[in-house]
Amino acid sequence: MSNENNNNSVDEQRRRKANDFRLHISDNYDDEGESGADAGPEEISSYSGEDVKHQIARESKRSLKRIRKEEKRERRARNRRNRRIFRIAWLVSVAIIGGAIAMFIITGMNDLLAINRKDDNSIVTVTIPKDPTLDTVTDLLAKNGVIGEPSYFRIYATLTKSNSFSQGSYELNKNMDYQAIISNLQGNSRRTDTVEVTIIEGMSVLEIADKLVEEKALSDKDDFLRLCNSGDFDKDFDFLEEISNSNERYYKLEGYLYPDKYEFYENDDPKSIIYKLLNNYEKRMNQKQDFNYDKLYSVRKLMAKEDIEYSLDEIMTIASIIQAEAANKEDMYYVSSILHNRLHSDESMGVSKLGLDSTKYYPYRSEDALPSDVTSGYKSRYDTYDSEGLPPGPICNPGMEAIKAALKPYDTSYYFFCHDKYGNAYYASTIYEHEANLGYIDE
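Just so it is clear: in the sequence shown, position 32 is 93 by the numbering used here, and no numbers are missing.
Hints are supplied without guarantee of correctness; some may be wrong.
[Unchecked claim] Listed next, the in silico BS3-like pairs over lysine-lysine satisfying Cα-Cα at most 25 Å (straight line):
| no. | residue 1 | residue 2 |
| --- | --- | --- |
| 1 | LYS349 | LYS390 |
| 2 | LYS191 | LYS337 |
| 3 | LYS272 | LYS322 |
| 4 | LYS337 | LYS296 |
| 5 | LYS296 | LYS344 |
| 6 | LYS421 | LYS482 |
No lab work stands behind these hints: they were computed from the structure.
Modelling step: build the complete structure from the supplied sequences, incorporating the hints.
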């Protein structure tokens, strides 16, 4: 009995030791994290499955986070570096551009105000071509040393709307500022390309145009002739507005381009030339003249005083015929008398028409002056052999003496006149006397 109890006690102690040993191994496994050879099948299977996957996933996330943090730090650092470089580059660029703009403004202002040229009093002649552009004018000014900053001049001229220029030769001082340069180029006070043209009494519009071209005052003859038959000047001159038969005339301004000595610019504007001629005519019509009265009168005042039966336009037509037909000043008053007598005559006098050679080929001087494209059978609307009374308008541009003769003719009974080859005049009251004079001249 005693032995049996002892044996049971020993067995119990062995079981406890065995259990303690198993527990110790299990604890070591848990502590060390290793899988032993004596581990149970269930424990090995559990650790190598889902736990490993979760562990790997956690480690991967942690690694990815670390990588992302590193990349973010690198990006921030890189952005900071880039921002610093950009700021530096921007500041440098601003400084360079600002310096360039400041230099441009300073040098431009110096040139605009002619500060750098103030001591240069030299004069240069700048010739501007026909229809110049701002670039053309700028280049010419720079080439001649009148300006030093072409770009700045272009900007100034554009901003001040001063980019319209005319052809011509101008004398300019190199110490002029931009505004003085532009003012002189747009005016005529400094122009040197002037020409003097003398328009002779009795010249027609066609002859005046040829003269202007010959003297280099006019380059566009066709435009000049077109303007001479236009209404472009009517609103400025009442004597042109009074003309009522413009459509019957070859040149509306014929008779009103006053013959005188003029100064024009080379290749002048046709309209400017015509304005100068018309202004002179208007001035002369209002200028006091000697009409053999006790006081002087202008043509306008005399016509009002004497209550002349003809209009100013008709007087100019008569004066133009006198200018074309008369041999000298004295002859003008006789020819005027004959024209007035004929205009008041009838067929009983045998002079129902004026019958003047000067009107036969107008606007040409004679048959020899007809253009090659005009046939030999040319008939002028002004031919006083075919039509009664005065022609539609003047046939040339008369001088003041012819105008005065038209207004104050001699009081005669003559109806006919003729001249010999020396310019001597012969007058007659009847057709018989006239034929006798012609016979005498022909001998």
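Going down the list of hints, with the structure as the test:
no.: 1; hint: LYS349 with LYS390; verdict: 19 Å, holds
no.: 2; hint: LYS191 with LYS337; verdict: 21 Å, holds
no.: 3; hint: LYS272 with LYS322; verdict: 12 Å, holds
no.: 4; hint: LYS337 with LYS296; verdict: 15 Å, holds
no.: 5; hint: LYS296 with LYS344; verdict: 17 Å, holds
no.: 6; hint: LYS421 with LYS482; verdict: 20 Å, holds
Violation of the numbered hints given earlier is absent; every hint is satisfied by the structure.
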